[in-house]
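J.: Chains as they are written, first to last, in my numbering: chain B, 1 to 99; chain E, 1 to 227.
These are calculated hints, taken from the structure and not from any lab test. Keep in mind it's a predicted model, so treat the numbers as computed, not measured. Quick reminder that beta carbons are idealized off the backbone N, C-alpha and C, glycines included. Incorrect hints may appear among the rest.
[Said to hold, decoys possible] Computed footprint of chain B on chain E, listed as stretches where at least three residues anywhere in the stretch have a Cβ under 8 Å from a Cβ of chain B:
#, region
1, 22–32
2, 36–44
3, 51–64
4, 90–96
5, 112–118
6, 129–139
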Amino acid sequence: MGIGWYLVVSAIIFCIGAVGVLTRPNPLVILLCLELMLNAANLALVAFSRMWGGPDGQIFALIVMVIAACEVTVGLGMIVAIYRRHLAIDVDELNELRG
Amino acid sequence: MSAVFFFIFAIIAIAGAFGVVMLRNPFYSVLALVCHLIALAALFLLLEAQFVAAAQVVVYAGAVMVLYVFVVAYVGGGDEPLHKPGGALRVLGPVFGLALVVELCIALLGTALRGVSTRGAHIVLGFGTPKQIGTQFLTTYLFPFEVASLLLLVAAIGAVVLARRRRGLEPIEERDPRLQPARPAYTGTLAEVAGLVAGGGTTPARERQEHPVLSPTGSRSDGEESR
């Protein structure tokens, strides 16, 4: 299979994730959609790594996985803190910092 | 043969991604994401990235998703309406996503990278194995590796600080002091003797009446029990 096919799949997954971030009100699902977008980027990086025949893209993909794990940890910690304060788990309700 | 596997796993990955966005229950969204991640790991294997595929299954589908399942079970995400009334973003979001797909595909069709249409460069034996990745991490990419480990540490500490139980958040419940078990005078803990905590029979009743303090159990001490 050509590398272009992998890039098309990566683009489709990225856009699905972007639509989810824009439309879903639940912050848990928003974090899941961010994971989708990061994974789409990972797929593109690994595909380019295969295209050039070098390992650099795979290194980059592993670093992206580390960043994603950090983002998940902090994001889920914030959701647990929101839940402890008995606030609504809904990004439309949590607009105190809105300008 | 690789084309068959590619289409099978690409369709599973895209279906999983649709499931994450479309399913109403967050718990099912997490399960759809696990399905998506495993299909993506298979795509990584087709791209000769064995170590990344293994890390994807073990770290992502194994550890991170367990964290998600725990938090969804803790918060108790029930069914929610997929489309709430109002909000132009709910309508414009899918339009934006579709436009992004079209734009990226046009960019891919008009690319000057000739390698995109090939099956990839010739690769050496041992491409994408843990040995190669580890050698790269400890020689060329040592600094990003160390920064990533530091970032993980900071994120772990930050999550503990964010999610810990703070004092004073729970509403203090008024309790009838007459319902407290009666204690003889001049007995109590060291904290009560020092005057940090009200209660017991050690503090003079007059002083406690002037400075009513809250005990950690939430009962308001007004010197009732010593009178």
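J.: Now look at each hint and say whether the structure bears it out.
T.: Status of the hints after comparison with the structure:
Only residues whose beta carbon comes within less than 8 Å of a beta carbon in chain B count, and the region 22–32 of chain E has 3; three or more means the coverage holds. Coverage of the region 36–44 of chain E by chain B holds [criterion: at least 3 residues with CB-CB distance below 8 Å; count 5]. Given as covered by chain B, the region 51–64 of chain E passes the check, having 8 residues with a CB less than 8 Å from a CB of that chain where 3 are the minimum. With 5 residues bearing a CB less than 8 Å from a CB of chain B, the region 90–96 of chain E meets the requirement of three and the coverage assertion stands.
Given a C-beta distance limit of less than 8 Å, the hint that chain B covers the region 112–118 of chain E holds, as 5 residues qualify and 3 suffice. Given as covered by chain B, the region 129–139 of chain E passes the check, having 4 residues with a CB less than 8 Å from a CB of that chain where 3 are the minimum.
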